[in-house]
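Novice: Below, each chain spelled out in residue letters.
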Amino acid sequence: MSLLKVEALQVAHGPLQALWNVDIDIRAGEKVGLLGANGAGKSTTLGAVVGYYPALAGAVHIAGEDVTRMATPDRLARGVALVPEGRRLFTEMTVRENLEMGAYLREPRRKLAETLEQVFTLFPILKEKAGQAAGALSGGQQQMVAIGRAIMSRPRLLLLDEPFIGVAPIIVGDVMRALGEIAAQGVTIVLVEQNTHRALDFVERAYVIENGRTVLEGSRDDLIGNAAFGSKFLGLD
Amino acid sequence: MPLEIFVQVLLSGVLLGGIYALVAFGLSLVYGVAHILNIAHGTLLAVSGVVASLIYLATGWHPLLIIPLMVAPVFLFGYVFHALLLRPLAHRGKHDETIGTVLITTGALIMLSDLTGFAAGTTQRNIPVGSGVFEFGEVIVPTAQVWILAGILALTIVLQLYLKHAWFGRAVRAVTQDSLGATICGVNGPRARALTFAAGSGLVAVAGVLYAIVYPVDPYMGFSLTVRAFTIIVVGGIGNLPGAMIAGVMLGVAESFTAFLWAPKWAPALSVILLLVILVLFPRGFSSWKRA
Amino acid sequence: MTKPSSIAYALVALLAVALIPLLGGPYLTSFVFALLISFVLAQSWDWVNGQMGYLNLGHYAFYGIGAYAFAILLTRDAGLAVSFAGAVAFATLAALLVSFPLFRLKGDYFAFATLAIVPLCELLANNLDWLTKGSDGITLPPHYVLVPAFYAALGLAALTLLVTLGLMRSRFGYALRAIRNDEQVAEVAGVRLFPVKAAMLAVSAAFAGLAGAIQAWQFSFIDPFTMFNLGVALVPIAGALLGGSGLLMGPLLGVILFASLQQLLLVNITHLQGALLGLVIVLIGRFLPGGLLRWKKIAAHPAFAWLARESHFEREMTAGGPAAGALPISEAVIDPERIVLQCEAATMAFGGNVAVNRVNLTVRQGEIVGLVGPNGSGKTTLFNLISGIYTPKSGRIRIDGRDIAGLRADEIAHLGVGRSYQIPRPFGELTVRENIAIGRTYGRHKTALPDAMEAADSIAAFVGLGDKLETRADHLSLQQKKALELARALASEPKLLLVDEVASGLSTVEINLFVQHIRAIRDRYGITVIWVEHIFSALSQVVDRLVVLESGSVIADAPLAEAVRDENVLRTYLGSAHGDGRTAEARP
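Chains as they are written, first to last, in this note's numbering: chain A, 1 to 237; chain B, 1 to 292; chain C, 1 to 588.
Hints may be right or wrong, so weigh each one.
Stated by the list, open to error - In the DSS-like style, the derived pairs of lysine-lysine whose C-alpha atoms are separated by at most 25 Å in a straight line are:
id : chain 1 : residue 1 : chain 2 : residue 2
1  : C       : 133       : B       : 94
2  : C       : 296       : B       : 164
3  : A       : 127       : B       : 164
4  : C       : 446       : C       : 296
5  : A       : 129       : A       : 111
6  : B       : 164       : C       : 468
7  : A       : 111       : B       : 164
8  : C       : 296       : B       : 265
9  : B       : 265       : A       : 129
10 : A       : 127       : A       : 111
Calculated directly from the structure, the hints in this document are not laboratory data.
It should be emphasised that the depicted structure is a prediction, and the values quoted were computed from it without experimental measurement.
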């Protein structure tokens, strides 16, 4: 059964319609990419899944349940977590406080100590910096806090929106490996990423979004073999 | 200036500043979390003070009893006011939202003053609790004032601890620092904003009762307190309660000395001039300068 | 309004009002007098709010200052003319004085700081006894001046309306509206902000001051409470907003409605007038953000539509709009030795985050340079450094040989830097033509507004917006907005054009067209181009050179053919799968 199903989704930001027709179907345990140009509607899609942007039309299902009209906290309680574009940390709170905020909802709050240890195991550097203000960390470490905060809610579906922006190249590998570990523990991952090659290294399958529509879907190998896709996104001529 | 008089003026300034800080707390939280510049904030204090003094006049109850009696309805008033009038503005563009907020809170200021003036008269009132005095040599301080100051300090610490450690307190701070970030943690932003607005109103009711014990209140005095509160949060940092406490005491002491050394009529000018000077020197607020 | 019939209507209306003192009796005369004063206040306030986008809550202070200056001068036998002139002078001076601190603020802060000025003035009026007679107020020599005061107010009101009309059609007025829509973009388009803002506030204060003086003359008594009372300070503002801020007829209509309502309350109700006034203000704030004239039912109603119309530059056009031909830009011969842009170790950091790290970059005239790198690698920050939005932490940037250290964004624009934004930032409330014309009239060569409007048409046609000239920019699609960005930048006749992500979202055909545009811009007009773009197939058609940024540093700077073979470039930007589909190893 699909864990996340988005059907004919339409979303508008004020007078401007950002999504026209997005269809996504993701099964539990998958690693799926959302690819496309800046402004194509990838971030809006993730925002609509967690309910940050209301749907104009279409539907969002999480584990078979229609959540289209549900408020964000209720959707999160069903096991979705978002690592948003630009990290959106609480810069004047400590790293630990940021992580604990990730466990704000009732269920994860009960297992806070346990999950916190898991996050510190995943990103040992965060344990060292636990008492520091999040705003004082480097870009890569802030990204780790953002991912850690999302993990704190013990999600089964993790949505990542361009998690490598502002991350030094030398750290990208660490973050990538951590994501691999998270996936290995059974968390389903949806990755929005500008760097198509980096995305295709990680995911098994991807959707391509253009002008607010899903225009292409395929396995990693399908996409690399697809000529139109290759010339547009991989720099292949 | 003889030392005793210096200390006397200093102490009355500290007390005044403590109450200013308490007024600023509410505005600071409301502005930080809900992004609402509540121009009626000080007027709500004035009205609370007038109502509390009327209750005292009618019943003779101890102010400690009157405070909870005042807080609950004012909290509720704040919640309903926000829900009915301010929350719907969030869908507008930035400029229209600012205009709407300004008109609604200013209109509320005029209404609150006028209705209270109509119902309770425009004369100055207070809560004349009898009080002993502490004597430190030549310096004389009424015991009530010492207790009030101690109460404000205790309230500051409790509030600060609540914001730092309680889940909802943290959620409020999270909304202040990054609203979207808080939302994706499961915080119900609109509810946090409404409750903060209500809590800010409740705080101002406490301040109103305390204020009326020490100084006279009337329905039209509120706006000058709003100006002071705004100056304090600009100096102390938005959402920063200890900063507001320090800034409030500084302003109170400065006003106290201005009144003593020059003339009381000039003391209210201090906050406006201070506000303009600070905004010239630190256009993004004093706290941004401290961090840099 | 320029049609003869409109002018005739306006004159008839003016004449009708002018007859009121002769035919209407003192009650009606003083009511209309109060209305005229209210209108002057509301409209002069709205120049700052509706045109420039700054919410000035302290406008009433200038009214009080004018009244006080007039009364003080008149009681010291300065004569009527001098007293009126003094009122204008003092209000203007006060506005200029406060504009220095105030315009460092924006939004809520600006609004609040201006509001705090009203009680400060009340305090001064109360405390400076020797000058203002304190709370006793000033009583002027008793004369019955209602009729002359009425005509003075009528004249001032007519002048106010004329100034409004002028603002809507002048170069200065477009600067105001550019500021209202997006101040930063206005500056990058060449508008020098502070003088425009200070001048507008000063003119607005001068009108308010004169209104205050006429009011004091008529009433022959003023005191701090009536002049600076917060309860009435917002009434003209509420009136303007009730009608429709920013519209020609908005403040006038709003003031008439509001004053009539007030009069109704005064006559019929003895208590709680203040509370009812407050309620009306609350309701306006809650339900009428754009005023009555922007309320759909009214704006769409045939009887009121003419009142609700926005004022835009319009012109008769041939069907299909102007033909896409040559740009109104002087052609230039490229001197390939000439260095247009030179960055020397330019560095920018936000907190601990180094966004641009010791970037060295030399661009010569006529080059088309592709600037690439992953999101967050510092491309847009570099553009912001070059266009003067940020000042580099260290290092040096020269435009055409001139060090830009210490220059404002508008000065840099006048040196010849034009840019587009990745997320388009057109002036949304203005039409396509007006957007482009602002770029032109405030561009490198100062142009008169009609000429700029003329030029805008052919530039719009060049970028494919020839049929959208009179469409509001916020109604365009994303791609059209991006085209508009390019047009506005081109209109300033830049020497160096910074293009930030145009191709995403375009079809292949559209991309090819855009590439042709970039090539034509360079070949015919000698404009140097730096183009940030993710869609490599677009860049590779036209760029001479590729500069690659990674975490704020330049990791490659080479001719296109070489750059695509560079290992660093392949790994970080294109990925090593380039050409054969192998997977990339992201770690160095």
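Novice: Hint by hint, note whether the structure agrees.
Specialist: So, going through the hints one by one against the coordinates:
{"no.": "1", "hint": "C/133 with B/94", "verdict": "43 Å, violated"}
{"no.": "2", "hint": "C/296 with B/164", "verdict": "47 Å, violated"}
{"no.": "3", "hint": "A/127 with B/164", "verdict": "20 Å, holds"}
{"no.": "4", "hint": "C/446 with C/296", "verdict": "39 Å, violated"}
{"no.": "5", "hint": "A/129 with A/111", "verdict": "22 Å, holds"}
{"no.": "6", "hint": "B/164 with C/468", "verdict": "54 Å, violated"}
{"no.": "7", "hint": "A/111 with B/164", "verdict": "20 Å, holds"}
{"no.": "8", "hint": "C/296 with B/265", "verdict": "50 Å, violated"}
{"no.": "9", "hint": "B/265 with A/129", "verdict": "52 Å, violated"}
{"no.": "10", "hint": "A/127 with A/111", "verdict": "18 Å, holds"}
In this structure, the hints that do not hold are numbers 1, 2, 4, 6, 8, 9, in rising order.
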